[in-house]
Amino acid sequence: MREFIDGAEAIARGALAAGCNFFAGYPITPATPILLHMLRELPKVGGVGIQAEDEIASLGFCIGAAMAGAKVMTATSGPGISLYSENIGLGIMGEVPLVIVDCQRLGPATGGATTVGQGDVQFIRWSTSGGFPIIALCPTNVLECYSLTVRAFNLAERFRCPVFLVTDKEVVSTLTSVNLDDYQAEPVVERRLAPATGDFVPYRVERLDDVPPMSPFGGPHLVRFTTSTHDERGFLTKDPAKVDRLNRHLAEKIEAHRDEIELVRLDPQAGAKTLVVSYGITARSMQEAVALARQRGQKVSALTVYSLWPVPERALRQAMAGMGRVVVAELNLGQYRLEIERLAGLLDGPRPEVVGVHRVDGELIAPQEILERVGDG
Amino acid sequence: MNAFLTPQITTYRDMAQAKYPFCPGCGHGLILDKLNAALVKLQLDPRQVVIVTDIGCSGLSDQYFSTNAFHGLHGRSVTYATGLKLANPELKVIVIMGDGGCGIGGHHLLNAARRNVGVTVVVCNNFNYGMTGGEHSVTTPHGAKTSSTRGGNLERPMDICASVAVNGASFVARTTAFDNDLPDLLARAIAHEGFSLLDIWELCTAYFVPNNDFSKSALLGTLESLHLPTGILQTTDYPEYSRAYRQTYQGAGEQGSGGAEELGSRGAREQGSRGAEGHAGTSAPLPLRTSASLPTLYPHRLTAPLRLVIAGAAGQKIKSTASLLGVGAVLSGLWVTQRDDYPVTIMSGHSVAEVILSPEEIFYTGIPKPDAMLLLALEGLRVVQRQLAALTAQDTLYVHTALLPIETTARVVPLDFAKAGGIDRRSVAAAAIAAFLRHTNVYPLEALQEAIRRTQRPQIAAQNLAAIEASASL
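As you go down the protein sequences, you meet chains L and F in turn.
Start counting the first sequence at 1; every next residue gets the next number (the numbering used here).
Start counting the second sequence at 378; every next residue gets the next number (the numbering used here).
One thing to keep in mind: the hints can contain errors.
[To be verified] Covered stretches of chain L, as calculated for chain F (at least 3 residues, CB under 8 Å): (1) 18–25; (2) 162–174; (3) 180–194; (4) 230–237; (5) 361–367.
Think of the hints as simulated: they come from the structure by calculation, not from any bench.
Given the structure is predicted, the values throughout are model-derived calculations rather than measurements.
The beta-carbon is built from N, C-alpha and C at its ideal position, and this holds for glycine as well.
All chains, please: the whole structure from these sequences, using the hints.
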């Protein structure tokens, strides 16, 4: 059996499959359909969906609900991420499991509301003050909207941090035929709760890269949550040793576990000297370009990046080794190319030339445009 | 709580943090002592109480209580409180914020009042920003001197109580930190089901007092000169939001929970007595639920992708009719994608759908060069000029006769809807798509008719099915 649906609906279904029971959002093109799906579906499963007065409140509601025990998601577009910024920081500092869907549109500020873009890629990585890591996943089609939403919830529970699902206008709103049998989801990761008895120390970790278990507000323990630099009990501190330990922990719990987060799809060809790298909607053009190139007898490998942040460095470095050229295709002026160039510089032996295929005119990158850069490599 | 069964709680202060950090004479300590007295009076389970604080000196308050604590960002405390309450209506959520927070978070304050979400907001109102150096706030009286209004404040003060009251706050009170009845007032506000706010006037001895030669009597005099009454200013008892949501949207009555179900995490590991060290458990995701699964019922005749652009105007049902074409294609075993383009004002201007039909999976969904176009209105024609110019002699252009003549190298098939009869603006797209299917035999017309019957309400379906009949003569 098949159906004809868009990514917005698949994201909502993925969230429900993952046990999401709270959603707050504010209408914004092209993310609104996710809000409407969640407002409609959540009460049916005993959850709560609410339209907040603005994006700041949307994420505030989500953070409060998450700490009261809910599995939460919100969805917006770039201008909404701008308003989420301070609460993204709170999500990092307070260690809140949180899924944020960004349906990217083109340009700064209001930009092109109904126009595709991939210009938020660096923004979501550095979207809040202090410069601490987040996790970001990026689906290329409707089925991956479903599976990566489930994965985003799982990573949020595993690492207690904001996890972004980076989509765009095309991925969320293009109706697509899909096979129901092709929906895949990993098992749902349960929230790790502290034992109900004994002393509960909300931010105590044995090792820097450990993730502390939670206890919900209203549960068996008194809980302290704070936006400020804190000790393991959640009290404000300026003790340099404690401050250092907290800040290193917030980075280390993610950085030390990149292997659990890294997700790419490599489509290698023996003897290829050109590698194409892309993500999101543009990875679909890449797939078509690579098929066309191979039909022509050209040898080319392709890599789709699903885990944009942290950068899947191991997989990328392996795939880039021995290449003469790496082509990076994206709907911005080279944001992820920066990461690829950085990694190319770290390779042993000859370093590949890194070239970009970029568009910021609201149109998708056509396979032919990628093919041209493969062709002269 | 039954005092004979449960030991009386004598304080909600965290005695490990006995001494407040506030300046000598600061009103915050007075307010916190009276909040403690109110909590003692109410004898609430500390685990069911969350003190949510904002930023500023008053933001330090949560650390001095043996309840739950949530210390959040400046002005946003009310939003966290709302999230807590929505997720668990059993919680008693108390926000402590300053006049600064009422400024930067004023929008949230008004909306929490309007929503009547059951949180209590305690405003420690000392007319300036004590933590950052005594700058003026939204409640600084006119003419008052602060570090940012050296020549006197030119702005008029915000009346916090009136602002939330006019927006529907169901419990509003104003008083001072010196008020001996404050514990009772706080207890009433906390016990209140809906949104409650207390605007508590107090002294900032570090800045506002020395800058303005201010005092307790000057504070009382300011209340009088501004004609601001004290005491309970408004009480209503309309439904609290988190419970009303459960009643209205979840049908909470059926679950017998009294409308106060908390949101546990499904599959969350039991917070039992056994240790939860080690890895979190996992569970299978919910089975996929879909309301519109589509079997393959019809054959198709495509051997290569066919890229179609349908360009019309708002009101011509371009988008919904294009998706009928898509559903029909799925019923015929094809792969389909549909991209829509229309202005944000959806009821005017163009409406364009780009549909790719393919025997194989579709990756790139753009159509720089269509294989066929359906031109149904001038508005659409204007925005597809580049695609129109890309057509070759092998391609087909189906055109509403009203738009002819059109300069193109493609083969032109005129669609004379007026002559066919029985086709109105809302069914012109269905008729055009039917004509396209008859002409190309991409898939049988029956599949389109089946798509209509499966996905459209009977009345709309009847109109479209009639238009398809009428299109036979196009």
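We went through each hint and held it up to the structure:
Note: the stretch 18–25 of chain L has 5 residues with beta-carbon separation from chain F under 8 Å; the three-residue rule is met and the coverage holds. For the stretch 162–174 of chain L, the proposed coverage by chain F is satisfied: 3 residues have a C-beta within less than 8 Å of a C-beta in that chain, meeting the threshold of three. Coverage of a stretch by a chain is defined here by at least three residues with a beta carbon nearer than 8 Å to that chain's beta carbons; for the stretch 180–194 of chain L and chain F the count is 12, and the condition holds. Closer than 8 Å: that is the beta-carbon criterion, and the stretch 230–237 of chain L has 3 residues meeting it against chain F, so the requirement of 3 holds.
Figure legend: the stretch 361–367 of chain L, annotated as covered by chain F; annotation consistent (4 residues with Cβ-Cβ distances under 8 Å, at least 3 required).
In summary, this structure violates none of the numbered hints.
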